[in-house]
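Enquirer: One letter stands for each residue in the lines below.
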Amino acid sequence: MSGKMQIKLKVNGEDHEFLAEPRELLVHALRERLNLTGSHVGCETGHCGVCTVTLNGKSVKSCTMFVAQADGAELTTVEGMGSPDNLHVLQEAFREHHGLQCGYCTPGMIMRAAKLLEEIPNPTEEQVRFGMAGNLCRCTGYQNIVKSIMAAASEMNSAKEAAQ
Amino acid sequence: MIPAAFDYHRPNDLNGVISLLQEHGDDARVIAGGHSLIPLMKLRMAEVPHLIDLQSISELTGIDSGSTIRIGAMTTQADIIDNASLASSAPILKEASLQIADPQVRYMGTVGGNVANGDPGNDMPGLMQCLDATFILRGPNGEREVKARDFYHAAYMTEREDDEVMVAVTFDAPKGGYAYEKQKRKIGDYATAAAAVIISKDGSTCKEASIAMTNLSDTPVFCAAASDSLIGTSVSAEDIKNAVNSMIDAIDPAEDNRGPVEFKKHAAAVVLSRAIERAWQRA
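Just so you know, the sequences run in chain order A and B.
Using this note's numbering, the first residue of the first sequence is number 2, and each one after it goes up by one.
Using this note's numbering, the first residue of the second sequence is number 352, and each one after it goes up by one.
Okay, chain A solo, but in the shape it has when bound (with noise of 0.2 Å):
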């Protein structure tokens, strides 16, 4: 028992393959395997949400899934997101609006936000906390993710309109 499977992942539109444990946690594949170290490591224990990342469409803790489980899945990593050349929407929300003081969350939060802002484009700042609530922040309060959000899911929306 306790052989290793070969596991096939496609993360941020590469195809991986590689032989693992089937316990091996899902983030320690991408940072150490695949070296994409964006998806931190925090609590450990699914609360925190620093881990999270896109596996097939939903918002998932990838601390508390092992790669086994995530065999054959599409993953985004924040590293999908934008480069420091060309930020994402968020990323340059986030930035613009002081949305982060130590930075140790927000790989976390913008995944999460992408994802909430898909589901909806045009939240309330309830909806925004609501959707946001399994991601934690020990710097900020929380005023500026929420004003980031916001100003990314408006940002976005008149990108739309402009492009209609």
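Simulated from the structure, these hints should not be mistaken for laboratory data.
Quick caveat, the model's predicted, so the values are computed rather than measured.
Glycine included, C-beta positions come from ideal geometry on N, C-alpha and C.
A few of these clues could be false.
To be verified - Label pairs and their calculated CB-CB ranges:
{"#": "1", "chain 1": "B", "residue 1": "494", "chain 2": "A", "residue 2": "161", "range": "41 to 51 Å"}
{"#": "2", "chain 1": "B", "residue 1": "584", "chain 2": "A", "residue 2": "73", "range": "54 to 64 Å"}
{"#": "3", "chain 1": "A", "residue 1": "9", "chain 2": "B", "residue 2": "603", "range": "47 to 57 Å"}
{"#": "4", "chain 1": "A", "residue 1": "161", "chain 2": "B", "residue 2": "398", "range": "45 to 55 Å"}
{"#": "5", "chain 1": "A", "residue 1": "142", "chain 2": "B", "residue 2": "505", "range": "37 to 47 Å"}
{"#": "6", "chain 1": "A", "residue 1": "38", "chain 2": "B", "residue 2": "417", "range": "44 to 54 Å"}
As the list claims (entries may be wrong) - 20 Å max Cα-Cα, derived SDA-like pairs, lysine to any residue:
{"#": "7", "chain 1": "B", "residue 1": "445", "chain 2": "A", "residue 2": "121"}
{"#": "8", "chain 1": "B", "residue 1": "537", "chain 2": "A", "residue 2": "130"}
{"#": "9", "chain 1": "B", "residue 1": "535", "chain 2": "A", "residue 2": "137"}
{"#": "10", "chain 1": "A", "residue 1": "9", "chain 2": "B", "residue 2": "406"}
{"#": "11", "chain 1": "A", "residue 1": "9", "chain 2": "B", "residue 2": "361"}
{"#": "12", "chain 1": "B", "residue 1": "537", "chain 2": "A", "residue 2": "143"}
{"#": "13", "chain 1": "B", "residue 1": "445", "chain 2": "A", "residue 2": "130"}
{"#": "14", "chain 1": "A", "residue 1": "9", "chain 2": "B", "residue 2": "359"}
{"#": "15", "chain 1": "A", "residue 1": "59", "chain 2": "B", "residue 2": "430"}
{"#": "16", "chain 1": "B", "residue 1": "537", "chain 2": "A", "residue 2": "131"}
{"#": "17", "chain 1": "B", "residue 1": "537", "chain 2": "A", "residue 2": "126"}
{"#": "18", "chain 1": "A", "residue 1": "5", "chain 2": "B", "residue 2": "435"}
{"#": "19", "chain 1": "B", "residue 1": "535", "chain 2": "A", "residue 2": "130"}
{"#": "20", "chain 1": "A", "residue 1": "59", "chain 2": "B", "residue 2": "539"}
{"#": "21", "chain 1": "A", "residue 1": "5", "chain 2": "B", "residue 2": "362"}
{"#": "22", "chain 1": "A", "residue 1": "9", "chain 2": "B", "residue 2": "535"}
{"#": "23", "chain 1": "A", "residue 1": "59", "chain 2": "B", "residue 2": "358"}
{"#": "24", "chain 1": "B", "residue 1": "537", "chain 2": "A", "residue 2": "161"}
{"#": "25", "chain 1": "A", "residue 1": "59", "chain 2": "B", "residue 2": "450"}
{"#": "26", "chain 1": "A", "residue 1": "59", "chain 2": "B", "residue 2": "413"}
{"#": "27", "chain 1": "A", "residue 1": "59", "chain 2": "B", "residue 2": "353"}
{"#": "28", "chain 1": "A", "residue 1": "59", "chain 2": "B", "residue 2": "535"}
{"#": "29", "chain 1": "A", "residue 1": "59", "chain 2": "B", "residue 2": "429"}
{"#": "30", "chain 1": "A", "residue 1": "5", "chain 2": "B", "residue 2": "359"}
{"#": "31", "chain 1": "B", "residue 1": "537", "chain 2": "A", "residue 2": "137"}
{"#": "32", "chain 1": "B", "residue 1": "537", "chain 2": "A", "residue 2": "127"}
{"#": "33", "chain 1": "A", "residue 1": "11", "chain 2": "B", "residue 2": "435"}
{"#": "34", "chain 1": "A", "residue 1": "161", "chain 2": "A", "residue 2": "119"}
{"#": "35", "chain 1": "A", "residue 1": "5", "chain 2": "B", "residue 2": "539"}
Based on the hints, put chain B in the right spot on chain A.
Expert: Coordinates of chain B only, in the frame set by chain A:
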């Protein structure tokens, strides 16, 4: 936080699951969303040499909502929240699901896992008792049905046999008003106390009532006496007080990090009063 090693299985049908359960006995466990089991495995409080992932079993998914509602065991809380037809035929499911954990957990957490786990902190068991739901279990000899009100023996001890899988929950679409009221310390926490209430009325009197409580004993608590005490009344403040007193007699909370016994009884009384009031307004 690395769990003990295990063999991973992802069968494509229920027969595959059951034969693995028969083959490995106590050494095997099924995993649905995993948000109860994985934390226990990481803490090494659960050791599972054979982990059987149910994610590929299409028989376990889907919501049928008509006069009789059937929810497949692998239906997630997010699926329930997003299902417009279920939200109209049994809105208490959505109200309760929105109070479970946080968005990320609700994408993973399933109805089957929540009811089968036997954790007194889970919200669905009390809700299912309130709805007088039936659980469908599949084992080597086929399917059998167990009433939610008969399913729970003690914390993590249920009517389910080791070689059985929770397949679905079914219940009649509830009539009248409803409320799921939960007091918790923070988002993501289990209930300090929670109440599920369904009430129907005939004119201005209560025709039927059903009350169940969560995390106030080592099992969910269906409160038959409290439910019956409301029937035939006008659900006045005095009637609600009587029902609350009956409920207090039925629960058996234990002191833990959510507070001492007296506080839990107080919280239970508050959530039940609020739930009855809200359900009655909606009836």
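Enquirer: None of the hints should be skipped; say for each whether it holds.
Expert: Going through the hints against the structure:
{"no.": "1", "hint": "494/B x 161/A: 41 to 51 Å", "in the structure": "holds, 49 Å"}
{"no.": "2", "hint": "584/B x 73/A: 54 to 64 Å", "in the structure": "holds, 56 Å"}
{"no.": "3", "hint": "9/A x 603/B: 47 to 57 Å", "in the structure": "holds, 49 Å"}
{"no.": "4", "hint": "161/A x 398/B: 45 to 55 Å", "in the structure": "holds, 50 Å"}
{"no.": "5", "hint": "142/A x 505/B: 37 to 47 Å", "in the structure": "holds, 42 Å"}
{"no.": "6", "hint": "38/A x 417/B: 44 to 54 Å", "in the structure": "holds, 50 Å"}
{"no.": "7", "hint": "445/B x 121/A", "in the structure": "holds, 17 Å"}
{"no.": "8", "hint": "537/B x 130/A", "in the structure": "holds, 13 Å"}
{"no.": "9", "hint": "535/B x 137/A", "in the structure": "holds, 17 Å"}
{"no.": "10", "hint": "9/A x 406/B", "in the structure": "holds, 16 Å"}
{"no.": "11", "hint": "9/A x 361/B", "in the structure": "holds, 14 Å"}
{"no.": "12", "hint": "537/B x 143/A", "in the structure": "holds, 15 Å"}
{"no.": "13", "hint": "445/B x 130/A", "in the structure": "holds, 19 Å"}
{"no.": "14", "hint": "9/A x 359/B", "in the structure": "holds, 15 Å"}
{"no.": "15", "hint": "59/A x 430/B", "in the structure": "holds, 11 Å"}
{"no.": "16", "hint": "537/B x 131/A", "in the structure": "holds, 12 Å"}
{"no.": "17", "hint": "537/B x 126/A", "in the structure": "holds, 19 Å"}
{"no.": "18", "hint": "5/A x 435/B", "in the structure": "violated, 42 Å"}
{"no.": "19", "hint": "535/B x 130/A", "in the structure": "holds, 17 Å"}
{"no.": "20", "hint": "59/A x 539/B", "in the structure": "holds, 18 Å"}
{"no.": "21", "hint": "5/A x 362/B", "in the structure": "holds, 18 Å"}
{"no.": "22", "hint": "9/A x 535/B", "in the structure": "violated, 39 Å"}
{"no.": "23", "hint": "59/A x 358/B", "in the structure": "violated, 26 Å"}
{"no.": "24", "hint": "537/B x 161/A", "in the structure": "violated, 36 Å"}
{"no.": "25", "hint": "59/A x 450/B", "in the structure": "holds, 18 Å"}
{"no.": "26", "hint": "59/A x 413/B", "in the structure": "holds, 17 Å"}
{"no.": "27", "hint": "59/A x 353/B", "in the structure": "violated, 24 Å"}
{"no.": "28", "hint": "59/A x 535/B", "in the structure": "violated, 25 Å"}
{"no.": "29", "hint": "59/A x 429/B", "in the structure": "holds, 10 Å"}
{"no.": "30", "hint": "5/A x 359/B", "in the structure": "holds, 10 Å"}
{"no.": "31", "hint": "537/B x 137/A", "in the structure": "holds, 12 Å"}
{"no.": "32", "hint": "537/B x 127/A", "in the structure": "holds, 16 Å"}
{"no.": "33", "hint": "11/A x 435/B", "in the structure": "violated, 32 Å"}
{"no.": "34", "hint": "161/A x 119/A", "in the structure": "holds, 13 Å"}
{"no.": "35", "hint": "5/A x 539/B", "in the structure": "violated, 33 Å"}
Against the hints set out earlier in the document, violations occur for numbers 18, 22, 23, 24, 27, 28, 33 and 35.
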